[in-house]
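Undergrad: Here is what each chain is made of, one letter per residue.
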Amino acid sequence: MSAELFSLFYQFADVFAFLILSAAGLAIVFGMMGVINMAHGEFIMCGAYVTVGLVRIGLPLAVAQGLAAVTAGLVGVVVEFLIVRRFYKRPLDSLLATWGLSLIVTQSMLLIVGSSITGIGTPEGSFAIGPYTFSTYRLVLFACAVAVLVGLYIVFMKTRFGVLARATMQNAEMARALGARTGRIYAISFGIGAGLAGLCGALYAPTMTLIPTMGATFVVESFVTVVVGGANVLLGTAPAAVFLAMIRMALNASYGQIIGQIGMLFAVILIIRVLPEGLSSVLVRRGR
Amino acid sequence: MALVEVKGVTKSFGGLTAVSDVDLAVSVGEVHCLIGPNGAGKSTLFKLIVGLYPPTKGTIFFDSLDITRERPSARVQRGMSIKMQAPSVFKELPVRQNIQVALQQRFSGAERDAEEERLLTLLNLASESGKLAGALSHGQQQWLEIGMALALQPRLLLLDEPTAGMSPEETFQTGELVKSFNAEGMTVLAVEHDMAFVRQVAQRVTVLHLGKTFARGSLESILEDEKVAEIYLGRTQAHGHGH
Amino acid sequence: MLKLLDGAQTLGKGWTFWSCFLIVLAAALIYPAFADSYDVGNFSYFLIWIFMALGLCLMWGYGGMLSFGQTFFFGISGYGYGVLAINMGGGSTTIAALALAVVMAMIAAGILGYFMIWGGINGIFFGIVTLSATLVLAFFLGQTAGPEWHIGPARLNGFNGMKGMDPLAVGDTYIEGSALYYVMVALIVVVYIGLRMLLNSRIGNVIVAVRENPQRAEMLGYDVRKYQLLTFVIGSALAGLSGALYTSWGQFITPSSIGLPAAAMPIVWVAFSGRSDLTATLVGSFLLLFAFQTITVYSQQMALILMGGLLLATVMLAPQGFVLGIGKLVVDRWTGHRRGDTNAVMADTARLQSDET
Chain X
358 MSAELFSLFY QFADVFAFLI LSAAGLAIVF GMMGVINMAH GEFIMCGAYV TVGLVRIGLP
418 LAVAQGLAAV TAGLVGVVVE FLIVRRFYKR PLDSLLATWG LSLIVTQSML LIVGSSITGI
478 GTPEGSFAIG PYTFSTYRLV LFACAVAVLV GLYIVFMKTR FGVLARATMQ NAEMARALGA
538 RTGRIYAISF GIGAGLAGLC GALYAPTMTL IPTMGATFVV ESFVTVVVGG ANVLLGTAPA
598 AVFLAMIRMA LNASYGQIIG QIGMLFAVIL IIRVLPEGLS SVLVRRGR
Chain R
48 MALVEVKGVT KSFGGLTAVS DVDLAVSVGE VHCLIGPNGA GKSTLFKLIV GLYPPTKGTI
108 FFDSLDITRE RPSARVQRGM SIKMQAPSVF KELPVRQNIQ VALQQRFSGA ERDAEEERLL
168 TLLNLASESG KLAGALSHGQ QQWLEIGMAL ALQPRLLLLD EPTAGMSPEE TFQTGELVKS
228 FNAEGMTVLA VEHDMAFVRQ VAQRVTVLHL GKTFARGSLE SILEDEKVAE IYLGRTQAHG
288 HGH
Chain V
550 MLKLLDGAQT LGKGWTFWSC FLIVLAAALI YPAFADSYDV GNFSYFLIWI FMALGLCLMW
610 GYGGMLSFGQ TFFFGISGYG YGVLAINMGG GSTTIAALAL AVVMAMIAAG ILGYFMIWGG
670 INGIFFGIVT LSATLVLAFF LGQTAGPEWH IGPARLNGFN GMKGMDPLAV GDTYIEGSAL
730 YYVMVALIVV VYIGLRMLLN SRIGNVIVAV RENPQRAEML GYDVRKYQLL TFVIGSALAG
790 LSGALYTSWG QFITPSSIGL PAAAMPIVWV AFSGRSDLTA TLVGSFLLLF AFQTITVYSQ
850 QMALILMGGL LLATVMLAPQ GFVLGIGKLV VDRWTGHRRG DTNAVMADTA RLQSDET
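Chains as they are written, first to last, in our numbering: chain X, 358 to 645; chain R, 48 to 290; chain V, 550 to 906.
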């Protein structure tokens, strides 16, 4: 019995981790600046490729993953400086600009490194409970997802940067009038968002085939999580991921991955009909 | 007979109650002014009447029909139209097209063209008709919006601070305009701070205070009410001298 | 009726514009006489995509709804045509298959649009929900390689795509070569003129009003949601028309014409051309398709990089669109107007109109 329960939890944790890790970076950027970064998938790809490259030259996996996330974050800061900061007043244009960037990056990668490179293989290690075998790495991913949530909570709730960032999120004009350097806060947030995307790619790099277009595998999950989460991402993202992971887990188990994804999409479309402002709007109302 | 009737309407936003158990009846053919200090709930009440917010509690009737659950567009189709507090026009469309979008609800063909010219002249916007609405001055945008509201030929015209940002002369003109439409049978409900305007047009006045109906009657009887003077008029008059 | 051809919503009016229009049309009509059949076939291929571009222009430029999911409807109708044409047999029934395929796209748009518009989704979320739907459809079709995925005799065939349907035909004659080309030209003329008339009609007035200020439009008694849904369904029907014609033209369709990067293409065409005007979109999309196709012969990646670069350049340098901006500049030189600000495209539009009245 407990084996079954654990198996259920394992399946839930797997989907939950995927949703949180793919969405966290996108959600931070969206919540902070109202911008959807269409090149989000390419930051994920960047994290994955850097990880594989570093492992190939002999670095331990965990170190390579950390460095990959940092690299993606730094690239993010550069992209923010060169492109995104021009569009804070025009969020739709920032969408188009980052989409253009995404096209350029994926196609250039296809030209330069070709369609796929050999992966590095999932770290071995599994354990059995009752009749079921579980991969340890999947649980590591879940732990990472939880760590990301806790980390974001600490950064945004407990640090000085977090206070300024939340003030900027609420009302950028006011924050600026009160002396917050919103430009720098935006740059750092975009960097954090890109770094989280890179982390996602780094963590999933060992589990999948690396192709320049791999970002597309993650963007649907990240999009729908952010949509369901709603405007207040600090409040909405985690519950949205829990909710979507439940649906996804149930459907995956009975009908397989693709039906799981289609079902999740249908659930999202139904949710926006009932709760156009997303889950966070309900939570905010409750909080009052 | 009441054209629009608000019965026991309450509207809360989270913990804040903007309008609390308000009753209001506007009779056919009258000009009714809604006054009260800032934050009294006047604009919220307007938005409830026109359907931009659903009420937390209470019922709204138009022509004795319960319209509480109707969409704004359906209510407008029944014969009300509104000029909102902040100018709300189609900024990137030319003035003429702004008027056309409104006019085509009631008119077509040559009749529409004639009405278009008449309104543009009436609103002193004929020479600006090719400009983008967003390029007009604040006062002109107010006029344009009033014009769009009039183009629908409403039975009930809701005006939320129609004279904000206007000079005393423009305010007076607006008042005369409202009176002329009222003379043709249009019922008007206006939120207004400018007492000169209220004195010029109002047949009845309702005072809102802290989301509740505070007093009601002719302007004279309201002015004589000491409690009203205390919460509102005293302050406004002092405020008025400052202008 | 003819009055609706020219109006506030569409640029280009009067004698000069329509003479140019007729000259271009005449050139298009005699073109097959001077070109070899391979080029004519290629030309038809560019024209296929014009409908999707015009549909997006209507939704985004006029209706203010940025749909990233035009290839969703393209795909539904493209696969729909394939399934119907295979199941109903060839011959003249292919024409019915085309019509039904477009209807399928419209139904899909009606359902998706209902949930989004009645749910009050707009702006950025509108884009990413439509794109999510598109990507999920592409993933799903990519998974259908197995023999169990079939509708009647029509195999979906996963990434390799569906094939084996007949092209459009009348009786025993396939519509191909110059005949297909003329059908395309005729359809474009009909759609272009039809959209012009729609936009300059009362409905068009409301569509742009809803874009500008939905609350005010509602306060003028228009049920904003219905107008948005109408715009969405018409725009999607045009994407669907492109999809069905595409499948018929090449007698195959794969999931890659739905997913990324295909989904970005209509956005690039319309943004680059100038979303606020139908004619600019028509001209610009054609130019881009031509350039894209020419470069694709050498390297598809290079062509896509160019498209990405153009999108980036458009939003950074000419957010109103290059073709529209250049077109206005030329018109102004021509008519001898002096202009202060080359970027004030919208203000310009109004001024041109005020000159006319």
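Among these hints, one or two may not hold up.
As the list claims (entries may be wrong) - Calculated from the model, a selection of chain R residues having no Cβ within reach of chain V, i.e. all distances over 10 Å:
1. Phe-137
2. Lys-138
3. Glu-139
4. Gln-147
5. Ser-184
6. Met-213
7. Leu-224
8. Glu-277
As the list claims (entries may be wrong) - The list that follows gives simulated cross-link-like pairs (lysine-lysine, DSS-like), each with its CA atoms no further than 30 Å apart:
9. Lys-775/V <-> Lys-178/R
10. Lys-104/R <-> Lys-562/V
11. Lys-712/V <-> Lys-178/R
12. Lys-446/X <-> Lys-104/R
13. Lys-104/R <-> Lys-552/V
14. Lys-775/V <-> Lys-138/R
15. Lys-446/X <-> Lys-138/R
In case anyone wonders, no lab produced these hints; they're calculated from the structure.
For clarity, every value in this text was computed on a predicted model and none was experimentally measured.
Yeah, the Cβ is synthetic: ideal placement off N, Cα and C, and Gly gets one too.
Undergrad: A separate judgement is required for each hint: does it hold in the structure or not?
TA: These are the hints, each one checked on the structure:
Not every Cβ of chain V is farther than 10 Å from the Cβ of Phe-137/R; the closest lies at roughly 4 Å, contradicting the non-interface assignment. The non-interface label for Lys-138/R is inconsistent with chain V: the shortest C-beta to C-beta separation is roughly 6 Å, within 10 Å. With a minimum CB-CB distance of about 5 Å to chain V, Glu-139/R fails to clear the 10 Å threshold, and the non-interface call is violated. Under the 10 Å C-beta cut-off, the non-interface status given to Gln-147/R relative to chain V is violated; the minimum distance is some 6 Å.
Non-interface call for Ser-184/R relative to chain V: holds, since the shortest CB-CB distance, roughly 16 Å, exceeds 10 Å. Once the 10 Å rule is applied to beta carbons, Met-213/R is consistent with being away from chain V; the minimum gap is 20 Å. The Cβ of Leu-224/R lies farther than 10 Å from every Cβ of chain V, with a closest approach of about 19 Å, so its non-interface assignment holds. Non-interface call for Glu-277/R relative to chain V: holds, since the shortest CB-CB distance, roughly 36 Å, exceeds 10 Å.
Simply put, Lys-775/V and Lys-178/R have alpha-carbon atoms about 29 Å apart, close enough for the 30 Å limit, and the pair holds. Between Lys-104/R and Lys-562/V, the direct Cα distance comes to roughly 54 Å. Violation of the 30 Å bound is thereby established for this hinted pair. The straight-line distance between the Cα atoms of Lys-712/V and Lys-178/R is roughly 55 Å, outside the 30 Å bound, and the hint therefore fails. Between Lys-446/X and Lys-104/R, the direct Cα distance comes to roughly 38 Å. Violation of the 30 Å bound is thereby established for this hinted pair.
Taking the CA atoms of Lys-104/R and Lys-552/V, the gap is about 50 Å. The hint is violated against a cut of 30 Å. For the hint pairing Lys-775/V with Lys-138/R, the CA-to-CA distance comes to about 22 Å; that is within 30 Å, so the pair holds. Between Lys-446/X and Lys-138/R the alpha-carbon distance is near 18 Å, which keeps this suggested pair within the 30 Å criterion.
When each numbered hint is compared with the structure, violations occur for hints 1, 2, 3, 4, 10, 11, 12, 13.
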